[in-house]
Amino acid sequence: MRDKTHPLDQEEVMAYLDGELSVEEATRASEHLGDCRECQELAANLQGVSRHIAAWQVGEAQPGMTPAIVSALQEIEASAGRSVGRGSSSWQHWFTLAAMPRWAWAVSVPVLLFLVMAGFLTTGRYASRRQAMTAISAASQTAPAPPSRPQLTVEMDEDPGRDRLKAPQAQVSSNMEYAASTPHIAGPRPAEDNATKGLSFASSRTMIARTAQLSVIVKDFDTSQRRLEDILKRRGGYVGEMATSAPEGADRKLTATLRVPSNQLDAAIAEVKELGRVESESQGGEEVTSQYVDLQARLTNARNTEQRLTELLRRQTGKLDEVVTVEEKISDVREQIERMEAEQKNLSERVEFGTLSVSLSEERKTQLQVMPPSVGTQFHNAAVEGYRSVVDGIVSFIVFLMSWGPTLLLWSAITFFPARASWRKLRRADA
Amino acid sequence: MNTRWNFLAGRDITDTCNASCSGALEEEAPATMTSDEVLMLAFQRGSREAFDELYTRYRNPLYGFFRRRLNSEARAEDLAQETFLVVIRDAERYEPRALVRTYLYAIALKLLMSEWRKRAKDGPDIDSVADPAAHGSTVSDLWVREGLQKLDDSEREILMLREYEQLSYGEIAEVLHLPLNTVRSRLFRARMALKEHLAPSAPTQVRTSPHESAAPKVSNPIEREA
Chain A
1 MRDKTHPLDQ EEVMAYLDGE LSVEEATRAS EHLGDCRECQ ELAANLQGVS
51 RHIAAWQVGE AQPGMTPAIV SALQEIEASA GRSVGRGSSS WQHWFTLAAM
101 PRWAWAVSVP VLLFLVMAGF LTTGRYASRR QAMTAISAAS QTAPAPPSRP
151 QLTVEMDEDP GRDRLKAPQA QVSSNMEYAA STPHIAGPRP AEDNATKGLS
201 FASSRTMIAR TAQLSVIVKD FDTSQRRLED ILKRRGGYVG EMATSAPEGA
251 DRKLTATLRV PSNQLDAAIA EVKELGRVES ESQGGEEVTS QYVDLQARLT
301 NARNTEQRLT ELLRRQTGKL DEVVTVEEKI SDVREQIERM EAEQKNLSER
351 VEFGTLSVSL SEERKTQLQV MPPSVGTQFH NAAVEGYRSV VDGIVSFIVF
401 LMSWGPTLLL WSAITFFPAR ASWRKLRRAD A
Chain B
1 MNTRWNFLAG RDITDTCNAS CSGALEEEAP ATMTSDEVLM LAFQRGSREA
51 FDELYTRYRN PLYGFFRRRL NSEARAEDLA QETFLVVIRD AERYEPRALV
101 RTYLYAIALK LLMSEWRKRA KDGPDIDSVA DPAAHGSTVS DLWVREGLQK
151 LDDSEREILM LREYEQLSYG EIAEVLHLPL NTVRSRLFRA RMALKEHLAP
201 SAPTQVRTSP HESAAPKVSN PIEREA
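So the sequence lines, in the order shown, correspond to chains A and B.
Going by the numbering used here, the first sequence wraps up at 431, each residue one higher than the last.
Going by the numbering used here, the second sequence wraps up at 226, each residue one higher than the last.
Just chain B, same shape as in the assembly:
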């Protein structure tokens, strides 16, 4: 990718949105080009089409978010759907100060933390031990997962949010409630550490057992920071 949107310069979009969102919302026809924020505001006003569009846009990214952090495919599906349920139930609480993307991943992260806490308390589910996705994994997949697992929890989460969810530094800082510079330095450390993990041996030397190559367990970086 050559360029990115500048998320860092001014995140408060309320003022401009109050003036111009309403006009866009009157049309009640969420096209593919409509921004997430406009769609979310339309959904707040009761537009089902706006929600459908948001659902289409974020169904797979949210599923991917959970799938890479949990061993269970079914649970990842459930939690992705649960994220949307939270969005539906708390739609009125959304304020266009934050980007919808950040808002969604913040919800997803909370659900993930809750899931981990539950697992820590109750013990792992049966389906989380046997990971069906691991059977279809390539060696390079497992190699990367292995490398990620060796990283520090907080650094791993930052790296994953950056690489898989494609969040900007500013968005990551907002989701994880961390200073921007901390995000940047941890991301650098994570990348360098992963490079070291990936570099010394060939991918063929990695363990390929599905039981041993579970998705990286990420502890709560928010709690760690606190």
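In isolation and in its complexed conformation, chain A is listed as follows:
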């Protein structure tokens, strides 16, 4: 201790700069360093030494492995292959497992079952979420669900005092915050550049997702269907969904959801209208610029976070549970990125391709049925009906017996003796 007024000694100042103090100690050191000029000077000196030392840079190693390493690896692989051939290691492993004490089995089996169940549940939830996403993407008509914010908050503003005095923390949670809050450990990835370009692109023009609905009554259904396909092909669109129905005695109907490039949508609508008489028509447009920009910003942040976490994990290793925690965080962030990318793709697609819902109905033409069924057919039908009614009767009787039989038997057994006694009494009275 240099002085009674200093709550920390010089080595502690150094340990603080190296991030080797506990959170409490670091907080104490940080507070003191904020006020004490002498300690600030010491910290500056120590940092200066580190900067000087960092000036000595050596180049990079020659790329590639030496033949010695390659052959050693090959030897290992070969020996691993032999041991697999003999099956010794795997069998030893199983013997070790079998030799586990009973209590270990008793604990591990329920835990394993629980993990499997948890895995199924998680997978189910994940699958249902993915399914929901796919449904949203495929339908391309409804607005995407409000995206959830990334759990890791990314703060881009840096503490001005941080540069001067590196404030270290020793806890994993702090590491997480650090990873999330410090911008650019490494340079941005190409994907990020694209994302940034996308952002400027999006902010420079208005993005509108157009929809249109047309209901047309056509005279010649088959020709109209072909012409509709032609229109779609000519305009560079594709079928999102199509269904035709042709019930007997009723008019045929075609409903289709077509995806047409936005700049071709008006032309396509005009051509579809020419197919017949327009029964109903509606058009709409949803502005999604802000939605897109917001999504883009969050995606960029999430990518930065992922990169920082990955970099953090690559550069520094700690206890396994800490590493696992970071890996879990990375996995979470990746899931968010995937979700946002899917949303973004969906949004872009909705803007690039307008949605045209077409309903083609055939004009009703009632047809007279002039040919009555033949005599042979009538006999055949009668015979089939007769056979069916006999079989149905037998089956119904058996079903009745099976369903009511036990009840009838029970009541018969209960009432048999009192009824017989009453009957005999009556007969004796008559006699």
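If you're looking for bench data, these hints aren't it; they were derived computationally from the structure.
Since the model is a prediction, treat every value here as computed from it, not as a measurement.
Some clues are possibly wrong.
As the list claims (entries may be wrong) - Simulated pairs of lysine to any residue, SDA-like, Cα-Cα distance not exceeding 25 angstroms:
#: 1; chain 1: B; residue 1: 110; chain 2: A; residue 2: 66
#: 2; chain 1: B; residue 1: 195; chain 2: A; residue 2: 34
#: 3; chain 1: B; residue 1: 195; chain 2: A; residue 2: 57
#: 4; chain 1: B; residue 1: 118; chain 2: A; residue 2: 68
#: 5; chain 1: B; residue 1: 150; chain 2: A; residue 2: 50
We have chain A; now place chain B onto it with these hints.
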């Protein structure tokens, strides 16, 4: 750097690793985010990809370790490769109690000691006298090397492990088999001494001859401690 991982709190990762490493290893696909320990265990099980990833991560750091402690660039390359050879040959001996980083630098340090002993016995190699890297060195490089050379051997090694290899105090203590407090106090002394060496005169006054500005010779701090 704002924060660091806490290496000091509990170094035994065997228990947790036994439970959760195996799951990660089943995937057999070492991604960049996979920790060194998981990769090492995967390599123990025969994953070539895991070794490739470890090699990619540590090739340059290990080369830098030897390059700063030896005059010969070629020898630094050889020893870095030799470190990996030791890892390959002794892969089965690795236990996830220690971090792979510590394990690698411990091997590297042993190889370095062996190299120095050999040189002390046989005399320096021809290529170690003429240091080609020194020709490309800047004045500030040489100034730092000069300063480092003036330090006490053990303090210098601790300082270099901290500054260049970015090892934590705990890792340095483990690699050099020293108490943690000793590492801290020697590191402080080393930094202060280096500051004194660097401070009094301008970098232009430093000698720039490659022959005189050889990499700092570090004697065995382990032996010194013993």
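Tested hints:
no.	hint	verdict
1	B/110 - A/66	holds (20 angstroms)
2	B/195 - A/34	holds (23 angstroms)
3	B/195 - A/57	holds (19 angstroms)
4	B/118 - A/68	holds (21 angstroms)
5	B/150 - A/50	holds (16 angstroms)
Checked against the numbered hints listed earlier, the structure breaks none of them; every hint is satisfied.
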